[in-house]
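Chains A and B, in that order, give the protein sequences. If you read the first sequence in our numbering, its first letter stands for residue 1, the second for the next number, and so on. If you read the second sequence in our numbering, its first letter stands for residue 1, the second for the next number, and so on.
Just so you know, the hints here were simulated from the structure itself, not pulled from any lab data. Check each hint, because a few of them may be wrong.
Copies of the same chain are indistinguishable here, so a pair counts whether it falls within one copy or spans any two.
As the list claims (entries may be wrong) - When the alpha-carbon atoms are kept at most 30 Å apart in a straight line, the in silico DSSO-like pairs for lysine-lysine are as follows:
1) 223 with 331
2) 395 with 164
3) 395 with 331
4) 354 with 395
5) 219 with 395
Protein chains: 2
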Amino acid sequence: MPSDLPLAERRHSVAAALRARLPERVVLSDPEDTRPYECDGLAAYRQLPMIVTLPENEEQVVTILNVCRELGVRIVPRGAGTGLSGGAMPISDGVVVSTARLNRIVRMDPYARVAVVQPGVRNLAISEAAAPHGLYYAPDPSSQIACTIGGNVAENSGGVHCLKYGLTVHNVLRVRVATIEGDVVELGGEALDAPGLDLLSVFIGSEGMLGIVTEVTVKLVPKPAQARVIMASFDDVVTGANAVASVIAAGIIPAGLEMMDRTSSRMVEPFVHAGYDTDAAAILLCEADGTELEVEEEIGRMSAVLEDAGASAIAVSRSEAERLKFWSGRKNAFPAAGRISPDYYCMDGTIPRKNLAQVLRGIERMEQEFGLRCANVFHAGDGNLHPLILFDANKPDEFERAEAFGAAILALCVEVGGTITGEHGVGIEKIGSMCIQFTRAELDTFFAVKRAFDVSFLLNPDKAIPTLHRCAEFGRMHVSKGQLPFADLPRF
Amino acid sequence: MPSDLPLAERRHSVAAALRARLPERVVLSDPEDTRPYECDGLAAYRQLPMIVTLPENEEQVVTILNVCRELGVRIVPRGAGTGLSGGAMPISDGVVVSTARLNRIVRMDPYARVAVVQPGVRNLAISEAAAPHGLYYAPDPSSQIACTIGGNVAENSGGVHCLKYGLTVHNVLRVRVATIEGDVVELGGEALDAPGLDLLSVFIGSEGMLGIVTEVTVKLVPKPAQARVIMASFDDVVTGANAVASVIAAGIIPAGLEMMDRTSSRMVEPFVHAGYDTDAAAILLCEADGTELEVEEEIGRMSAVLEDAGASAIAVSRSEAERLKFWSGRKNAFPAAGRISPDYYCMDGTIPRKNLAQVLRGIERMEQEFGLRCANVFHAGDGNLHPLILFDANKPDEFERAEAFGAAILALCVEVGGTITGEHGVGIEKIGSMCIQFTRAELDTFFAVKRAFDVSFLLNPDKAIPTLHRCAEFGRMHVSKGQLPFADLPRF
Chain A
1 MPSDLPLAER
11 RHSVAAALRA
21 RLPERVVLSD
31 PEDTRPYECD
41 GLAAYRQLPM
51 IVTLPENEEQ
61 VVTILNVCRE
71 LGVRIVPRGA
81 GTGLSGGAMP
91 ISDGVVVSTA
101 RLNRIVRMDP
111 YARVAVVQPG
121 VRNLAISEAA
131 APHGLYYAPD
141 PSSQIACTIG
151 GNVAENSGGV
161 HCLKYGLTVH
171 NVLRVRVATI
181 EGDVVELGGE
191 ALDAPGLDLL
201 SVFIGSEGML
211 GIVTEVTVKL
221 VPKPAQARVI
231 MASFDDVVTG
241 ANAVASVIAA
251 GIIPAGLEMM
261 DRTSSRMVEP
271 FVHAGYDTDA
281 AAILLCEADG
291 TELEVEEEIG
301 RMSAVLEDAG
311 ASAIAVSRSE
321 AERLKFWSGR
331 KNAFPAAGRI
341 SPDYYCMDGT
351 IPRKNLAQVL
361 RGIERMEQEF
371 GLRCANVFHA
381 GDGNLHPLIL
391 FDANKPDEFE
401 RAEAFGAAIL
411 ALCVEVGGTI
421 TGEHGVGIEK
431 IGSMCIQFTR
441 AELDTFFAVK
451 RAFDVSFLLN
461 PDKAIPTLHR
471 CAEFGRMHVS
481 KGQLPFADLP
491 RF
Chain B
1 MPSDLPLAER
11 RHSVAAALRA
21 RLPERVVLSD
31 PEDTRPYECD
41 GLAAYRQLPM
51 IVTLPENEEQ
61 VVTILNVCRE
71 LGVRIVPRGA
81 GTGLSGGAMP
91 ISDGVVVSTA
101 RLNRIVRMDP
111 YARVAVVQPG
121 VRNLAISEAA
131 APHGLYYAPD
141 PSSQIACTIG
151 GNVAENSGGV
161 HCLKYGLTVH
171 NVLRVRVATI
181 EGDVVELGGE
191 ALDAPGLDLL
201 SVFIGSEGML
211 GIVTEVTVKL
221 VPKPAQARVI
231 MASFDDVVTG
241 ANAVASVIAA
251 GIIPAGLEMM
261 DRTSSRMVEP
271 FVHAGYDTDA
281 AAILLCEADG
291 TELEVEEEIG
301 RMSAVLEDAG
311 ASAIAVSRSE
321 AERLKFWSGR
331 KNAFPAAGRI
341 SPDYYCMDGT
351 IPRKNLAQVL
361 RGIERMEQEF
371 GLRCANVFHA
381 GDGNLHPLIL
391 FDANKPDEFE
401 RAEAFGAAIL
411 ALCVEVGGTI
421 TGEHGVGIEK
431 IGSMCIQFTR
441 AELDTFFAVK
451 RAFDVSFLLN
461 PDKAIPTLHR
471 CAEFGRMHVS
481 KGQLPFADLP
491 RF
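Based on the provided sequences and hints, a complete structural model is requested.
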């Protein structure tokens, strides 16, 4: 189909081609119907899609892919739209494929400890369905009440427990994928290892660029008999950051190890009354889970390490209710930010734990430089930072300053040997920062693999991996490994 | 270079091209020098390589790749040659790239708990170097005294502790890879997650088909304060197999959970005096590790579960010496097989734990069918079987019967929802069985990814992934998912 047709005409003919092979209710083309799909959690960027499809089974997914491939129409897969990096942002002349109606739990096997679910099943719904068997699905993004397992697969989502239990990639055993060629392939399996190339891992976190997932087999883990959490206060952020390293260095892998600075705890406390020490420069939340004996021992060891590391106060949850209260503040940090600032920008960089203090000091300096406040609340145990940059989009250039602030934080993360994303993905938000993270040969390799799955670049194009042209425009040179990969491109 | 040149001439000119750019000692072309490289641990297959190279640094690896690419010469990467599936079997007109001289520990960082090593460093040497810091590298293949980390990466090796600590893919953070294009790329990183496609996981276990690893960053874990092992006896194999499932179902992840049948324990006991109950139809070894309290609690819980599951006797190691004695039998099962049978064939299939009993009974039946004995000694907790088929290659068609027996075991593994390899790779040994495991679309996807890294198929060609032609010759149809992928090929 010639792409220079006026949009309305193109919409009309693509919709007709889809409707010829799919039930009426599966294809939305009226802008009134497609408006709700114009953005995901990165709401600063909006684009009305040409068409939205809501397939109800795998066969319909394959049909949509076949029609789009035959017509050369680009596709944006979409889960619940809670993503924070714009991975599900539509294309003006593209088709959104929403997995919202693929929401069936196919099989729950408590004996083998696996659940087979469709991609539109919500993260929390899996744990709810597994609860009668004493099991749950471990990765727990803050959005777990809304986000879907298909979206989790696309972004390789984490959560507060992934220090101990791993990211999505560590908890998914198998995916069924509809490819742009209209094939259905299975990647991975229920066995510990699979022969052939590990395409499951490459698919997880591929941000909708390699295929559309139609079924996911997840690992379930036993609900620990008990969990308790320590809240430790620190008089300065550096001492708190170093305490994180001490806990890990002592050979303890807490079930959660989170840090909040004073800006964050003061932001959230009036809102949720979590009982936080708002005088402390930083607080750490360290959870132990397991049998009663295990928890008792680990809480004891962690308390000792935290005291040695200079904690000014230590409180341990005395009941499940108090444990949940301690966590409620952490889990509601983002909504709380919305109460004290008209807008906020949530970053997601990951750094080696040993550089926590250095990067936090760097962010402090940047607050001055960019004239914006930043609240730090993050997965300290993983070194996964979530600085919340507070701004007001209605004030002149605050949005631009917030973006520049965010990019500067990511550049610092890469500089100390970290990465530009921990769990939120690259999407459109961080595509420029990818040019700092990777060499040209590395980006080339990504594209080669992308091409192996999708030779015409129809699946979620222009997301996640920047072209060399884009990097040249971005004007960044990757130098962290002593190479200047774009040396043969014009300098800026 | 035209490939129809006589071999001697071709050897001469390729060696000359290599020697023009590399020190003399790096290139071996005399058959007397290259003979030791004619096979790996799958010694039934032998092939003298045209040339062997022994690069001493990354730059030399890149040079060898460049020369081979320019001349269109195929390459077989090789670690210590302990692999059991023929992944390092040479090609008559190809160049072997051995990593033997890339054996330097580059950096040991006990604070970040990582070691950076060259690919030729032996698996055990990493743990030895980390020991002064109270750390070790977890995956422990039986061959760990000899096998190298580069080979472990190529095969995604496991070991007796991988139920709790994971396979190579779970313990490697980053690899540096020299590609066939002569680029050096880094895959993965020290952070919990990396942006872009997860090419680290696809590289691990890719059996030398995607590039040559020049540096590996591994995770180190703290040496547990204590470890103890239970030896549980069972009157029949089925009860033992079901006990394995019971342990896991009780929410326990033992540090090791291994099973040996009577054939195995009687084979090994006279040789190592491990103290095994040779009257039992099967014994289980279940290890707990951690702090003293944790170990005590877990040993107690495991003993209770094993008793409930029908163990006829239970012994718990009372000292570190006794623990090592219990394990010594398991670790020496393969050499012991060599004492009672002129030859043995070690299989490596993985099945869902719930099918253990069914598959073991199936193997028993096959012993009659193929007229050969089989000793079963395996990673029961992972469902990773290692049936040892005992035969005498000097007797007419025993080798062929052993191969057919092995293929039948793998077919049974796939039938019950398992896979044809747990940790030994596909290599040349199981390339036929791949046709049963995967659909045509799945094999196509593997090839597309292979092509993304190596468009001319110069890197370890004809290993691991079968061509459709090969599957047609093999005469197998993949039907386990209700599809007949090769339906358009001639039937056999």
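Here's how the hints hold up against the structure:
Taking CA atoms no more than 30 Å apart as the test, residue 223 paired with residue 331 passes inside one copy only; the shortest distance there is 20 Å, against 34 Å between copies. In this assembly of identical chains, residue 395 and residue 164 lie within 30 Å of each other by CA distance neither inside one copy nor across copies; the values are 42 Å within and 53 Å between. For the homomeric pair residue 395 and residue 331, the shortest alpha-carbon distance inside one copy (29 Å) is at most 30 Å, but the shortest distance between copies (69 Å) is not. In the homo-oligomer, the alpha carbons of residue 354 and residue 395 never lie at most 30 Å apart, since the shortest distance is 37 Å inside one protomer and 62 Å across protomers.
With identical chains, the CA atoms of residue 219 and residue 395 are never at most 30 Å apart, being 47 Å at best within one copy and 47 Å at best between copies.
Hint violations for this structure: numbers 2, 4 and 5, all remaining hints satisfied.
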